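Number of protein chains: 2
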Amino acid sequence: MKKTKTFLVISILSVALGCFAVEGNNDLLTQAKQVFGQLPKAMESEKNPITPEKVKLGKMLFYETRISADGTVSCARCHPLSLYGADGLKKSIGSNCRVNIRNAPTVLNAADLIAQNWTGNRTDFEDGSKKSVINPLTYAMPSHEAAEKILKGIEGYRPLFEAAFPADKDPVNIDNFAKAVGAFGRTLVTPSPFDDFLAGKQDALTQNQKQGLKSFMDLGCAGCHSGAFIGGKTYTKFGIAQPYWKYTKSEPVDNGRYEITKQEDDKYVFKVPDLRNVVKASPYFHDGSVARLDESIRIMSKVQLDKDLAEPQLADISAFLESLTGQIPDDAMEIPILPATR
Amino acid sequence: MKKTKTFLVISILSVALGCFAVEGNNDLLTQAKQVFGQLPKAMESEKNPITPEKVKLGKMLFYETRISADGTVSCARCHPLSLYGADGLKKSIGSNCRVNIRNAPTVLNAADLIAQNWTGNRTDFEDGSKKSVINPLTYAMPSHEAAEKILKGIEGYRPLFEAAFPADKDPVNIDNFAKAVGAFGRTLVTPSPFDDFLAGKQDALTQNQKQGLKSFMDLGCAGCHSGAFIGGKTYTKFGIAQPYWKYTKSEPVDNGRYEITKQEDDKYVFKVPDLRNVVKASPYFHDGSVARLDESIRIMSKVQLDKDLAEPQLADISAFLESLTGQIPDDAMEIPILPATR
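So the sequence lines, in the order shown, correspond to chains A and B. For our numbering, add 12 to where a residue sits in the first sequence, where the first one is 1. For our numbering, add 12 to where a residue sits in the second sequence, where the first one is 1.
Treat the hints as calculated values from the structure; they're not laboratory data. Please read these numbers as outputs of a predicted model, since none were measured by experiment. Even glycine gets a Cβ: it sits at the ideal position worked out from N, Cα and C. Careful, some of the hints might be misleading.
Claimed, not checked - As a list, the in silico DSBU-like pairs of lysine-lysine whose alpha-carbon atoms are at most 35 Å apart:
#1 K103(A) <-> K102(B)
#2 K143(A) <-> K53(B)
#3 K261(B) <-> K274(B)
#4 K261(B) <-> K68(A)
#5 K222(A) <-> K164(B)
#6 K164(A) <-> K103(B)
Claimed, not checked - Quick list of simulated restraints, FRET-style, between CB atoms:
#7 K161(B) <-> E174(A): 46 to 54 Å
#8 A303(A) <-> D342(B): 33 to 41 Å
#9 R354(B) <-> E65(A): 36 to 44 Å
#10 T218(B) <-> Q339(A): 42 to 50 Å
#11 P171(A) <-> R354(B): 38 to 46 Å
Could you build the full structure based on these sequences and the hints that come with them?
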């Protein structure tokens, strides 16, 4: 139960901090800065440094359907930026109408999280991109080699891969596909009014939003949903206080990370989702079982903290979460033209 | 056989004009201006005037997957602008993996054509958009009312429909969906180097491209592929000289417009596709049966004109067709953010 203990410690710490900051000097801003910290401009990686050439190619590959089994799936299929990087479905549908086992998390602000999916078998954005290509429930290609062959057959890609990976002799390959998509993904950071507030602009949040932020920290939500991405950095049991499925009506019950590790401690453990743009991310939870944000907040406070929220508090927290809706970088919002099949 | 006669008359006229213009005064530009004419800035419609509010809303609805049966289909699914408004598949795949009966034509430069599909049962862009919503092979919604209900349920759409249709009491409805998408579609005009040439810029085409243009007119291709969209304004039998399926290896043989009209004269009759951005439109023909452009040109000259093209002539025509690759309007290439499900 290591994760739960960590959760509890952070939680208690958070509440303690809350009492200190809000009741001691009423400095909501100071407390929030400590709990959340500064959003980076991009999610840099030493393993895969962001370059303009990789980002350009990666954005194209993000829309590339020709390397999927039925020719309809690209990253953008389940992660459309028009819907803030997720598809609005309970569970995404891949090539040949295969249904994914869990809800698609957004690709925005995702590249620096502890994992790219709910259970942690996709470590980083690059790993996730590469695995998607051969996942039978997504692109469903028979092999990475088959995808490489298609990319090599689209002549217009070669100079773009060469520019992005100048040291490579034979740059059109699946690892570079993953690196390019990863570099693009690492640019998808969405600064929001909450970041203006953290930077000192007191009027970036309404009074209700500030009250919601205070509740969010005081109640213990920020025990897990902390850091610049408001979560996404730890695994935690879903249902510390109550079995989650009693409230989400989930069917079937998902064992979460246990399915990967087979450790009893990992039963019902999932990645804590980051909450940036959460207002845009319906439906909620690992199985998309709940459509409404207010209902999701109510469930979370019940099953994690064993608390019943009063309506005004719930409304304030909803208002605070609105302040996490950010701006997707302009460059990402321009559709790339892909090289033609010839 | 009215269409075929028309084709022959235009064809002979075109060849005659060709002889006159090219051999008489060698004025390729004058002849091309007569045959093709000027590309409009947008494809205006009296029935559905283009307004900024309609275009803004229409672009959003173009990406709206939530009004499809399985939640994955929008206009953009089969008509992605990243691939010049078509999806690169032989036949598009709709909701629940149903396969369309013919190849998806591009949405670029399409709104002013004689029909929106190959056989003419989708008259204009608005009609096509509306019918797609309930076509079991595309969006597959059970009814227009079901789609309306979803649109009404996404609160953020109401003010946008109100702004686009200020005279309507209850503007969120499927006819206005179709008008908005239609207005957006009417902006999708792609001026290309060939238009610069038609405007008098002699060096907009290479020598090979000019030679290809001359062949295109002299051979009779421009008999059908004429006007500002290089086709798209008439129906014609596919296979005037030879059965098309002998060359395309089409399986099964498609009766074309006969399926709609049940007139014997309409057997194997299809809309003449417009050729703007044709280089980007692989695979070719109503069934996507041919992947390569050069092979398509060879087949067309054989089955329509009973001519075997020499290699250099074929290369020149290919080069000319390259000059039809145009620029999609910047506004269209910006991804719209859709209202959230709440």
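Status of each hint after checking the structure:
For the suggested pair K103(A) and K102(B), the alpha carbons sit about 27 Å apart, so the restraint of at most 35 Å is met. The straight-line distance between the Cα atoms of K143(A) and K53(B) is roughly 44 Å, outside the 35 Å bound, and the hint therefore fails. Between K261(B) and K274(B) the CA atoms are separated by roughly 24 Å; this keeps the pair inside 35 Å, and the hint holds. Among the hinted pairs, K261(B) with K68(A) is inconsistent with the structure: their alpha-carbon atoms are about 39 Å apart, more than 35 Å.
In summary, the hint linking K222(A) to K164(B) is supported, as the alpha carbons are separated by about 32 Å, within the 35 Å threshold. With a C-alpha separation of about 23 Å, the suggested pairing of K164(A) with K103(B) holds against the 35 Å cut-off. Distance hint check: the CB atoms of K161(B) and E174(A) are about 51 Å apart, consistent with the given range 46 to 54 Å. Checked against the given bound of 33 to 41 Å, the beta carbons of A303(A) and D342(B), roughly 36 Å apart, stay inside it.
Taken as a hint, the range 36 to 44 Å holds for the pair R354(B) and E65(A), whose Cβ atoms sit roughly 40 Å apart. Taken as a hint, the range 42 to 50 Å holds for the pair T218(B) and Q339(A), whose Cβ atoms sit roughly 43 Å apart. The beta-carbon spacing between P171(A) and R354(B), approximately 45 Å, falls within the hinted interval of 38 to 46 Å.
Checked against the numbered hints given earlier, this structure breaks hints 2 and 4; the rest are met.
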